[in-house]
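Asks: Each chain, written out:
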Amino acid sequence: MITLSSYLAISFALFVCGIAVMIARKNIIAILLGIELILNSAALNFAAYTRFVNHNLDGHIMSLFIIVIAAAEAAVGLAIVIRFFQIRESIHIDDATQLLQ
Amino acid sequence: MMNDNVVSFFSEAPPYQALNEKLTYLLNFDTRGMMAFVVYFVAAFVVVNVMALIGGLGTYAERKISADIQMRQGPNRVGPFGLLQFLADGVKMIMKEDILPKAADKYLFFIAPILCMVGVFATLAVLPFSSGFTLTHLNIGVFYVLGVSSLVGVGIFLGGYSSNSKWSMLGGMRGASQIISYEVPVTLSIIAMVMLGGGLNFQTIVDGQGGLPHQWFIFHNPFTIISFVVFFIGMLAETNRAPFDLPEAESELVSGYHTEFTGMRFAFFALAEYVEVFVVCGVAAALYLGGYQVPFGLSSLEFLHTKVGLPMAPARMIGQFLEIGGFVTKTVLLYYVVIWIRWTLPRLRVDQLMTLCWKYLTPIALFNLVGIAVWIYLFNGESMWNLVFKTGAAAAGHH
Amino acid sequence: MFDNFLFLSSAALTVCGALAVVLAPNLMHACTYLLTTLIGVSGLYVTLSADFLAATQLVVYVGGVVILMLFAIMLTGGNDNKSVNKFGIEKVAPMGNAKTFTLAGFSALIMALVILKIIANVNKATPKTELPPYETTVEKIGELLITDHVLAFEISSVLLLGALIGAALIARPRRREE
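Protein chains in written order, with our numbering: chain A, 1 to 101; chain B, 1 to 399; chain C, 1 to 178.
Hints are computed from structural coordinates only; laboratory data are not their basis.
Every residue, glycine too, gets a C-beta built ideally from N, C-alpha and C.
There's no promise every hint is true.
[To be verified] A short list of chain B residues far from chain C (calculated; beta carbon distances all over 10 Å):
| # | residue |
| --- | --- |
| 1 | P15 |
| 2 | N20 |
| 3 | V47 |
| 4 | I54 |
| 5 | M71 |
| 6 | L84 |
| 7 | M117 |
| 8 | P243 |
| 9 | L310 |
| 10 | T344 |
| 11 | K359 |
[Stated by the list, open to error] Computed footprint of chain B on chain C, listed as stretches where at least three residues anywhere in the stretch have a Cβ under 8 Å from a Cβ of chain B:
| # | segment |
| --- | --- |
| 12 | 29 to 35 |
| 13 | 59 to 73 |
With these hints in hand, go ahead and build the complete structure from the sequences.
Replies: Structure representation (structure tokens):
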């Protein structure tokens with residue numbers, strides 16, 4: 001049961017769900033939720049290949065950096081969202097049409 | 001390589017192996033997995049129930065000690081010295097009407113107390129009660145505690161948000177921001193202890209210390225004392241205890257994030273809080289105060305079996321119970337200090353709280369981390385007492 | 001047997017949580033479903049003998065990212081799902097409508113076909129080897145981080161510092177007198 005393909009299937013499901021969330025939602029925070037799903041699916045793939053194919057731990061390091069970057073991305077992304085809300089009083093993605101305020 | 005845990009402790013005993021062989025013979029399959037599962041289940045059941053009992057007794061202790069400090073009697077009607085008061089309270093909680101505010105978010109209102117309970121009770125899996133009777137000596141134990149206990153913050157925030165009341169909302173916001181802010185100095189202090197102990201496993205850290213105070217990590221060097229103070233303050237803030245009980249400040253916010261909760265849901269929040277205080281006191285005891293170590297090696301097999309002459313099996317059990325006694329004594333003393341502080345100090349303001357965390361505790365904790373690293377590098381990890389004894393002995397030798 | 005149980009329950013948590021994130025009509029609820037997904041992924045890391053990763057996942061996501069997202073949702077007006085904005089202009093509802101979900105379904109389908117094409121041969125291509133036993137990875141990861149991957153480690157610390165300062169600068173409230 002615990003095989004490489006089952007992990008790939010789970011990570012595939014996560015990725016597709018993430019893509020669907022990113023396209024279906026129009027709320028910026030909801031889109032960030034989708035991005036988290038996609039980053040998690042990538043990190044899961046790295047760990048799965050480390051376990052089943054090559055047994056050195058470089059894949060784990062890669063997943064670790066993905067988690068770190070996800071945290072940084074969430075912090076900066078949400079700061080931008082809050083700033084955007086202060087300026088436009090909306091977090092609808094269609095309102096974000098200008099680079100300058 | 002498996003971690004040490006309660007199953008590996010029992011499976012070294014001959015009766016366990018005999019029972020295992022007997023069962024394997026009777027049932028015609030390898031019963032080791034099944035036996036391990038049963039032992040785990042029983043141990044987890046015992047730990048969770050005892051901790052729930054301790055949470056209940058915590059409310060009793062809180063009321064009795066506060067009464068003592070304010071020169072009152074405290075609860076004294078139910079049972080001897082009012083000891084069964086918490087059972088009466090529990091029955092009352094169950095009988096109360098379960099009120100769901102009309103504008104509340106039902107789903108979040110339902111899961112918020114459960115998240116708090118799960119976050120606290122999951123940490124019990126690695127709390128080092130003794131060298132044998134711990135559910136598991138996970139090799140990332142300290143890290144695991146940090147991760148799982150942050151579920152409590154999510155629970156508090158959702159509890160405040162879902163009630164749809166301004167008091168709850170402010171309390172939940174304050175609670176969550178306070179917990180994630182104070183996680184920074186607490187984690188930095190813990191990292192220093194991990195460096196001294198040489199591992200993320202609670203067993204490694206506790207085994208690096210000894211039974212007597214001068215062998216504890218708190219008195220290892222001058223920096224660790226500061227580190228303990230920072231950890232203790234941060235710990236008070238993380239469990240929302242006074243003087244940092246801003247999330248439930250009753251003079252400003254009725255009762256904070258659990259204003260709208262009644263009956264068993266409120267009891268879940270209260271129980272989670274009291275058990276969490278016990279857990280963090282236990283973590284402090286394990287990291288700084290020698291954990292389950294007993295002075296003079298009284299609990300070691302070498303002492304009980306060889307010198308006192310007890311048979312092997314009782315000697316092991318008595319040793320374990322002595323270790324549990326050592327751990328619980330230190331933890332309960334810290335618990336007493338926590339309650340004592342609550343009834344002595346006035347509450348801080350919100351801005352003072354954040355100033356204390358970001359302008360004082362975090363830089364101090366960072367400075368400490370560097371200081372302890374330099375100490376380990378310079379003196380090969382020896383404690384200051386060792387250095388004093390050594391120089392003293394050398395000076396005596398020269399003369 | 002226990003491995004299989006852990007794997008199945010974590011996989012169920014992960015996939016159900018992800019599906020719920022897609023289908024939830026309420027943003028706050030979607031965030032809690034994301035929490036179940038993240039905890040499920042952490043359980044999957046445990047079954048992959050990646051204990052350090054599992055704990056990191058819990059610390060970073062549960063303690064950091066999810067609380068941050070909950071705060072951001074609350075500070076930006078919660079989970080209103082009105083399709084008319086404050087100037088009375090008709091918009092797509094923030095949590096999506098039938099049209100966006102159809103689009104999302106199509107694009108997800110296309111992505112799914114592409115990925116399935118790529119991973120179709122995985123079972124044949126990977127040799128069947130005996131799985132190594134479960135062991136702790138903490139020491140090895142620590143060594144790798146300060147030997148082979150030290151540059152990436154340092155760069156990520158600079159990145160985190162930049163993110164910290166940047167986030168604090170961007171989210172600071174505006175001056176009134178400008």
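Asks: Each hint: holds or not?
Replies: So, going through the hints one by one against the coordinates:
{"no.": "1", "hint": "P15", "result": "holds, 24 Å"}
{"no.": "2", "hint": "N20", "result": "holds, 17 Å"}
{"no.": "3", "hint": "V47", "result": "holds, 19 Å"}
{"no.": "4", "hint": "I54", "result": "holds, 25 Å"}
{"no.": "5", "hint": "M71", "result": "holds, 42 Å"}
{"no.": "6", "hint": "L84", "result": "holds, 37 Å"}
{"no.": "7", "hint": "M117", "result": "holds, 15 Å"}
{"no.": "8", "hint": "P243", "result": "holds, 23 Å"}
{"no.": "9", "hint": "L310", "result": "holds, 35 Å"}
{"no.": "10", "hint": "T344", "result": "holds, 30 Å"}
{"no.": "11", "hint": "K359", "result": "holds, 14 Å"}
{"no.": "12", "hint": "29 to 35", "result": "holds (count 3)"}
{"no.": "13", "hint": "59 to 73", "result": "holds (count 8)"}
The structure fails none of the hints (numbered hints given earlier).
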